[in-house]
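Asker: Which chain is which? The protein sequence lines are W and R, in order. If you're matching positions, the first sequence starts at 1 in this note's numbering and goes up one per residue. If you're matching positions, the second sequence starts at 1 in this note's numbering and goes up one per residue.
In short, the hints are calculated from the structure, not lab data. Heads up, the beta-carbon is just placed ideally off N, CA and C, and yes, glycines get one too. Each hint should be verified, as a subset may be incorrect.
Said to hold, decoys possible - Sample of chain W residues facing chain R (criterion: CB under 10 angstroms; computed from the structure):
#, residue
1, W40
2, R41
3, G58
4, R69
5, G74
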Amino acid sequence: MARGLVLDPTATREDDIANPGPEAGVLAGKRIGFRLDRMWRAWDWISDVWADKFRAEGAHVSFWRSGGRSGDEGERMEQSLKEFLSTIDVAVVGLANCGSCTGWTIRDAITAANTGLPTTAIATANFESFAHTLARRGGRSGLRVHVLPYPLNERVRDEVVAIGKAHYDALLDTMGARHAVKEHAA
Amino acid sequence: MTIEKINPAPNRATPTPKPLISRDCGPEGCEVDWLASRRHEADLDIESFTDFAMEEGWGDGLPLVPPTDARVRTFLSKNDRYPDEVVAHLPPMRAECTVEKIAINAVMAGAPAESLELIIAALTAIADPDFELYGVNATTAPVFPAFIVNGPIRDKLRIPYGYSCFGGAATRSVAIGRAIRLIMRNVAGQVEGVTTQSTFGSPARISGLIAGEWEERSPWAPLAERRGVTGDAVTSFGAMGTMNILDTTSHRAVHFLEMIGKSLAYPGSNPFSPAVPYGEAMVALNPICAEIVGREMPRIEDVQECLWRFASVPADWLQTLHREQLEAQERVREDGRVYLTPEPKDILVFVCGGIGGLHATGFHSFGTSIAQTKPIASPIPVSEKQAAE
Chain W
1 MARGLVLDPT
11 ATREDDIANP
21 GPEAGVLAGK
31 RIGFRLDRMW
41 RAWDWISDVW
51 ADKFRAEGAH
61 VSFWRSGGRS
71 GDEGERMEQS
81 LKEFLSTIDV
91 AVVGLANCGS
101 CTGWTIRDAI
111 TAANTGLPTT
121 AIATANFESF
131 AHTLARRGGR
141 SGLRVHVLPY
151 PLNERVRDEV
161 VAIGKAHYDA
171 LLDTMGARHA
181 VKEHAA
Chain R
1 MTIEKINPAP
11 NRATPTPKPL
21 ISRDCGPEGC
31 EVDWLASRRH
41 EADLDIESFT
51 DFAMEEGWGD
61 GLPLVPPTDA
71 RVRTFLSKND
81 RYPDEVVAHL
91 PPMRAECTVE
101 KIAINAVMAG
111 APAESLELII
121 AALTAIADPD
131 FELYGVNATT
141 APVFPAFIVN
151 GPIRDKLRIP
161 YGYSCFGGAA
171 TRSVAIGRAI
181 RLIMRNVAGQ
191 VEGVTTQSTF
201 GSPARISGLI
211 AGEWEERSPW
221 APLAERRGVT
231 GDAVTSFGAM
241 GTMNILDTTS
251 HRAVHFLEMI
261 GKSLAYPGSN
271 PFSPAVPYGE
281 AMVALNPICA
291 EIVGREMPRI
301 EDVQECLWRF
311 ASVPADWLQT
321 LHREQLEAQE
331 RVREDGRVYL
341 TPEPKDILVF
351 VCGGIGGLHA
361 TGFHSFGTSI
371 AQTKPIASPI
381 PVSEKQAAE
């Protein structure tokens, strides 16, 4: 059987930032921005729950909703996202709950992280591995990803709200965030 | 009411073919034709190499031709591109897609060397940000880029536009399509369950879908020409699949278009989804049907308008949660209907297929992936180049 050399058909991207980036730190006084989408009502409900809790910590909360990402609409979205990122101190980006929306969630999270913002992407469990894969292939393998249960969007609102409340402390851990009260005590 | 329109991003340059200069250096290649890819030692018979390639994650399950230096150099020597030229950065990997990587994958797929410029034009089309390949390559949907070829290159490469043009025609267009799919896997990094979450996938994710337009049987200008590119050109469309539409009763243009339009308008199609801000559709008319329609509607805009009006559903016919979301997005129009696409122009129409008639094919887009048309470059003979200088 003849042996010989064959050429590698694959292409890889070598650059990577393994560091998760800055921590959110004490939230009091910070401007926290949520990246929403138009796909997942569950993400709207959970971000509302977390927004209330952030406000209770003394943070200011704002929202940006992703729309069409192609054509002139896509250009407007890119510009609008950049402007939004310039108005916040901490980014919470979701929801990675399908293929393309995980793609855009991670892409927008990387955009936020690359501006130097403490950034956490939100994924459901089924798309956790995918989210990390895309973050690595996007050049930021260390991107913070907080994981919610799956399926999520198929649950009724009360269940989803309860999940949001139950995940809040773990979210803060992922974000590298600290309660103002605990900070003072320390 | 807010209907988001589909418009290309501003400041996109009008596509013009890249000028290529013929250079015949033979299989040994020109001085600069070095190949930079890593070499792997492998058994070179097809069966063993296919096993090896599958273990390496390079394969699609079908037999693969070993991409030896000699084969890749021969492929390149029949073209006019330098191997280190970067053609695109394809997501999700966004690594450099060079001519060399294209040639290696094309050799593995069994694609003819003469197809390189078509492959490059196709890749350029789907790499356009407006095609939204990032979503196409990651989604849970079965979407694949379908390619419609116009111009004399159809016959040169035997791209099918008659019987079984969307699958089954025995031409090497299957290998050309497969080459693009291998590039998606090996360069863009689209791997099932890893970077593509496609729930069911599609046969066209193996062989691709490349068909020509039967321009000579079309009552209208060629698809690419209508989209601003004359001559050899390729149009990419993010297709969710092929949808057959049978009509054995119509005999007038409006009847055919009513059947086709209404068939396109099924509520589970992506362009009707509240999750998708907008979408396009594409319709392949067979030559017989096209002739009948063209007699009554010589303007393609009238065909699109007619299709568009029928490709809609009454909002109150939709499932409640679905309707409520569309209402919240202000996509229910004043006539109480939801339309498949924002405007008539967003339904692309072209002519192909066998002359047995009866059938049309519908394609629904993934959503925000907007169809792209790009020219296919052809080399300028050295003598002409010298004369011009």
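Asker: For each hint, tell me whether it holds in the structure or not.
Answerer: How the hints compare with the structure:
Hint status for W:W40: holds, given a least beta-carbon distance of 8 angstroms to chain R, under 10 angstroms. Given the 10 angstroms rule on beta carbons, the hint for W:R41 holds: about 8 angstroms separates it from the nearest Cβ of chain R. A cut of 10 angstroms between beta carbons decides the hint on W:G58: the least distance to chain R is about 32 angstroms, and the hint is violated. Evaluation of the W:R69 hint against chain R yields a held restraint, the C-beta minimum of about 6 angstroms falling below 10 angstroms.
At a threshold of 10 angstroms, the smallest CB-CB gap from W:G74 to chain R is about 6 angstroms, leaving the interface hint in force.
Of the numbered hints listed earlier, the single one contradicted by the structure is hint 3.
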